[in-house]
Amino acid sequence: MNIPISYQWLKSHFEKDLPAPGTGARQANIPSPEEVSALFMQHLCEVEGVEQRGGDTIFDLKIMPDRGHDLLAHRGIAREISVLSGMPMKSAEAKKKSAPRDITTLRVSVADMKLCPRYMGRVVENVKVGESPAWLRERLESVGGRSINNIVDITNYVMLELGQPMHVFDRGKLVREKDGAVEIVVRNAKQNETITTLDGKEIVLSPETLVIADSARPLAIAGIKGGKDVGVDETTTAIVLEAANFSAVNTRKTSARVGIRTDSSRRFEHDLSPMLAEEAMTLATELLLEMCPDAQMGKVVDVYPLPKERKEIIITTADINGILGSKLSDDEVEGVLKRLSFEYHKDGEMFVVTPPAIRLDLVIVEDMVEEIGRVYGYDKIIDAPLPALAFNARPLKAYYSANMIRDVLVAQGFSEVYTYSFQNTGEFAVVNPVAEDKGFLRKDLGTGIGQALVLNMRNAPLLGLDEIKIFEIGKVFPGVMEEKLSCAIGVEFIKATKKKDALVRTALEEAQKVLSETLGVPVAGVFTGNIFEFDLGALLEKLPEINVREEFHAVTARYQKPSAYPFVLRDIALWVPDGVTSDEVLAVISADAGNLLRTKRLFDVFTKEFPEGKKTSYAFSLVFQSNDKTLSDDEVNGIMERITTALHAHTEWQVR
Amino acid sequence: MIENSSQNTQPGHLHPLTQVIREITDSFVALGFEIADGSEVESEHYNFDALNVPKDHPARDMQDTFWLQGNQKEQLTSNIASRTTDRNVGTERSIEEELEVSGQISNVSGQKFLLRTHTSAVQIRYMEANKPPFKIVVPGKVYRYEATDATHETQFYQVEGLVVGEGITLAHLKHTLTEFFTRLYGHDTKIRLRPSYFPFVEPGVEVDMSCMKCGGNGCSVCKQTGFIEGLGGTKYTGFAFGVGVDRLVMIRYGIDDIRLLYAGDLRLVNQF
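For the record, the sequence lines run as chains A and B. Residue 408 in my numbering sits at position 408 of the first sequence, and the numbers go up by one each step. Quick note: to get my numbering, add 656 to the position in the second sequence (first position is 1).
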């Protein structure tokens with residue numbers, strides 16, 4: 001998952017100016033954006049974009065699924081900068097705390113702790129909804145967010161800072177029980193219960209969906225989206241803050257089922273540590289007090305029946321070097337663990353490491369090796385040639401035979417095409433096609449080859465071809481759960497003559513014959529019009545084992561993009577005295593044709609006796625095309641006149 | 657400019673994807689690798705579960721999938737029978753045995769089939785049928801469910817590799833890939849390993865190689881980074897890696913739209 005990360009926001013996690021180690025001179029607090037990018041690419045993740053926005057730099061980071069627990073947040077990324085650069089993070093400031101007041105009672109019950117391992121709630125009264133301070137608006141906007149009001153902004157800020165999604169309800173809109181308390185129930189929805197989400201979408205819920213409810217109705221789809229009629233607005237004076245932990249799998253399933261994905265659901269899908277809820281509640285409370293100094297805080301209700309235990313991972317330096325092929329010393333391993341600020345102790349050879357609660361990705365020895373390796377730096381690992389393995393590679397018949405067929409066909413003048421596996425008809429259907437006309441897997445190659453013949457026929461003059469000869473080798477799917485390797489060959493002639501069909505058939509039969517001779521087994525297949533297709537998979541079984549063939553080298557070429565504009569075809573024929581070659585004539589044509597001449601081709605030659613001597617007639621077809629526009633007749637006529645004039649400069653040459 | 661005579665006996669052209677796949681594959685064969693292949697229709701088990709990509713996990717988002725219709729038991733049988741005749745997969749098994757191996761016996765009709773999103777299933781099957789040590793290279797067509805544009809296609813080609821043996825390390829992966837890229841692109845090619853995530857290999861690393869166009873100084877092809885991506889990873893006794901062929905072809909020949917590779921258009925093919 002990609003997230004935008006603000007450089008200025010990261011910077012706020014470090015002291016403004018620090019003395020550089022050893023010198024006492026002041027220096028910038030963290031590495032420059034360029035250095036940060038380089039550190040991340042080397043040690044952490046792909047930096048897919050770096051954009052200057054205002055006075056800030058915004059990184060687009062591609063966070064891998066295993067680091068979604070801690071890196072979908074600015075604090076997690078700042079921690080990485082600290083680990084990778086050695087710069088210490090600012091220690092948390094002691095913030096003003098407010099003793100809990102005896103205000104509205106909150107009761108929370110959680111029906112299934114598997115779906116909701118932790119739920120923390122707190123009533124806050126006497127809040128004043130209004131605009132957020134400038135710093136908060138800037139923070140949110142820097143990473144593409146939108147300021148709504150101070151209360152909602154705080155919950156969004158906490159999510160972007162810590163990675164823990166929060167939610168807030170307007171207490172005034174919740175049902176009050178007989179004793180005046182508010183009751184929050186985390187339960188599965190009842191059949192056909194409905195909720196209208198904050199963005200006005202009405203959703204009919206089913207019993208698999210976890211909801212946050214009061215005693216009357218669902219208030220939110222847990223971890224995904226809040227309900228509209230309990231949202232905070234300008235009239236709100238009291239709220240219920242939620243910082244909870246929801247099951248990753250259930251959140252993902254529900255999100256897919258109701259068709260809503262949010263920044264919140266995406267984070268829960270990555271499985272968050274229940275520890276984060278606590279930190280989020282603390283931070284949100286501090287920010288609320290900063291913005292609404294008169295707010296009255298209720299007690300935090302914390303339903304967390306089974307606190308998650310942190311597990312130890314035991315590794316040795318030998319484990320690490322054995323997997324990485326590195327030569328780390330115990331001291332170096334210890335140095336990395338210190339940089340990571342991981343809890344550990346040494347027990348003889350063993351490092352007993354207890355990863356931070358938030359790092360749910362670190363479970364087994366290999367996880368720790370990877371963590372230590374990436375921080376240490378893969379660039380420091382020295383290449384080593386593979387040891388000799390007791391292994392004899394066997395040649396794969398399918399690979400070499402298919403390539404042999406390709407080479408035979410190419411030698412026969414056929415060019416290889418690749419077409420699409422998805423088509424609008426077939427036998428084997430795709431559940432989720434990308435488009436209506438791509439609903440099936442191809443049942444044969446012939447269909448695609450037929451389309452390619454039509455396409456290439458249109459461009460034949462441009463290609464300088466009299467006939468289109470193509471083939472494809474690939475998998476086809478002739479029935480449900482059926483897959484086989486097929487080869488199809490197609491031929492089409494440009495000139496429409498009476499004999500065309502017979503010529504096509506002859507060309508296809510010739511290809512079939514050459515293949516049969518080369519392979520040493522008869523190649524049987526189906527002729528359909530201008531296409532011959534055969535079951536290559538079945539044929540392979542009849543072929544003898546084959547030896548490794550000579551190493552293939554791809555051509556060196558630079559691709560020229562075909563023009564998007566139509567081409568114009570013109571023929572020119574002329575008499576020249578016997579002995580003048582077609583190349584001489586072509587040279588004259590080329591010299592005067594200009595850069596719009598794409599293809600020139602001799603298509604007819606004959607000689608004839610004249611009273612003044614023997615003469616040769618050459619007929620050329622010329623194709624003109626521009627990369628920038630559709631050529632007009634006038635333009636092409638102009639070029640043809642120039643060519644004619646140039647040809648007539650040779651007194652004995654006569655354009656017919 | 658194309659020049660042509662009226663005789664039509666001149667050879668045709670091999671598609672650039674074929675050319676580059678053959679060059680890569682043959683290059684690994686020259687390094688002692690065996691080629692393995694498998695089917696494009698794959699079970700959810702082999703495509704995801706056996707690779708430790710859990711159900712309902714965000715890791716599956718990286719590989720949006722085409723699912724296939726029809727999962728009747730008799731239909732399954734024919735597929736698995738045809739698949740197990742592949743020599744690299746080993747002896748034929750009945751569907752029950754197959755499903756027993758994969759832990760799906762109790763849930764025959766629940767097994768879902770898809771178009772493979774990578775060729776890693778071939779490696780899994782190879783490992784089931786062959787004892788280490790081995791070195792294999794797996795070229796093949798894969799599918800991803802995504803919107804197409806100039807750099808994204810629903811079908812494309814990968815070459816993956818797997819080396820399993822005693823004491824195989826990340827240092828060996830580094831060496832092997834350096835050797836491979838050097839064979840393909842010359843002596844100045846440098847590679848860089850970057851942390852990444854592949855559910856079945858640890859450490860999971862992506863491989864950047866220095867761009868052959870600019871030699872690592874940064875150019876339009878490598879988006880100014882000086883490095884071009886491949887990917888790879890290592891596990892206990894071996895390592896795996898993968899290279900997207902389409903991207904290599906596009907960079908090598910300066911093709912600006914991946915869709916042109918599948919258009920059946922000789923205006924492209926006949927340039928190679």
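Fair warning: there could be bad hints in the mix.
As the list claims (entries may be wrong) - Heads up, simulated DSS-like pairs for lysine-lysine below, C-alpha to C-alpha not over 25 Å straight-line:
#, chain 1, residue 1, chain 2, residue 2
1, A, Lys513, A, Lys475
2, A, Lys253, B, Lys797
3, A, Lys62, A, Lys128
4, B, Lys768, A, Lys484
5, A, Lys308, A, Lys253
6, B, Lys846, A, Lys438
7, A, Lys380, B, Lys846
8, A, Lys475, B, Lys797
9, A, Lys11, A, Lys95
10, A, Lys62, B, Lys787
11, A, Lys327, B, Lys846
12, B, Lys797, A, Lys484
13, B, Lys711, A, Lys397
14, B, Lys711, A, Lys308
15, B, Lys846, A, Lys114
16, A, Lys128, A, Lys228
17, B, Lys797, A, Lys397
18, A, Lys443, A, Lys475
19, A, Lys253, B, Lys711
20, A, Lys438, B, Lys797
Claimed, not checked - Only part of the chain A face toward chain B is listed, based on derived beta-carbon distances under 7 Å:
#, residue
21, Tyr420
22, Thr651
23, Val655
Since the hints were derived computationally from the structure, they do not count as laboratory data. Just so it is clear, CB atoms sit at the ideal spot from N, CA and C, and this is done for glycine as well.
Results for each hint:
1. Restraint check for Lys513(A) and Lys475(A): the C-alpha separation of about 23 Å stays at or below 25 Å, so the hint holds.
2. Distance hint between Lys253(A) and Lys797(B) is unfulfilled; the C-alpha atoms sit about 29 Å from each other, more than 25 Å.
3. Taking the CA atoms of Lys62(A) and Lys128(A), the gap is about 38 Å. The hint is violated against a cut of 25 Å.
4. A threshold of 25 Å between alpha carbons decides the hint, and for Lys768(B) with Lys484(A) the separation of about 20 Å falls inside it, so the pair holds.
5. The suggested pairing of Lys308(A) with Lys253(A) holds, with an alpha-carbon distance near 23 Å, which does not exceed 25 Å.
6. Annotation: proposed proximity of Lys846(B) to Lys438(A) is violated, straight-line Cα distance about 41 Å (limit 25 Å).
7. For the given pair, Lys380(A) sits about 14 Å from Lys846(B) by alpha-carbon distance, which is consistent with the 25 Å threshold.
8. A C-alpha spacing of about 9 Å is found between Lys475(A) and Lys797(B), which places the hinted pair at or below 25 Å, so the restraint holds.
9. Proposed proximity of Lys11(A) and Lys95(A) is supported: the alpha carbons are some 19 Å apart, at most 25 Å.
10. In summary, the hint linking Lys62(A) to Lys787(B) is not supported, as the alpha carbons are separated by about 37 Å, beyond the 25 Å threshold.
11. For the hint linking Lys327(A) to Lys846(B), the alpha-carbon distance of about 21 Å falls within 25 Å, and the restraint holds.
12. Using a Cα cut-off of 25 Å, the hinted pair Lys797(B) and Lys484(A) holds, with the two alpha carbons roughly 14 Å apart.
13. A distance of roughly 36 Å separates the Cα atoms of Lys711(B) and Lys397(A); the hinted pair therefore is violated under the 25 Å criterion.
14. For the proposed pair Lys711(B) and Lys308(A), the alpha carbon gap of about 22 Å is at most 25 Å, so the pair holds.
15. Distance hint between Lys846(B) and Lys114(A) is unfulfilled; the C-alpha atoms sit about 49 Å from each other, more than 25 Å.
16. Distance check on the hinted pair: Lys128(A) and Lys228(A) sit about 20 Å apart at the alpha-carbon level, within 25 Å; holds.
17. A C-alpha spacing of about 18 Å is found between Lys797(B) and Lys397(A), which places the hinted pair at or below 25 Å, so the restraint holds.
18. Of the supplied pair hints, the one linking Lys443(A) and Lys475(A) holds, its CA atoms being roughly 9 Å apart against a limit of 25 Å.
19. A hinted pair counts as satisfied when its Cα atoms are at most 25 Å apart, and Lys253(A) with Lys711(B) qualifies at roughly 10 Å.
20. Of the supplied pair hints, the one linking Lys438(A) and Lys797(B) holds, its CA atoms being roughly 17 Å apart against a limit of 25 Å.
21. The interface hint given for Tyr420(A) is met, as the beta carbon of that residue sits about 6 Å from the closest beta carbon of chain B, less than 7 Å.
22. A distance limit of 7 Å between C-beta atoms decides the matter here; for Thr651(A) the minimum to chain B is near 27 Å, and the interface restraint is violated.
23. Among the interface hints, the one on Val655(A) is violated; its C-beta lies about 20 Å from the nearest C-beta in chain B, farther than the 7 Å criterion.
Of the numbered hints given earlier, the model fails hints 2, 3, 6, 10, 13, 15, 22, 23; all others are met.
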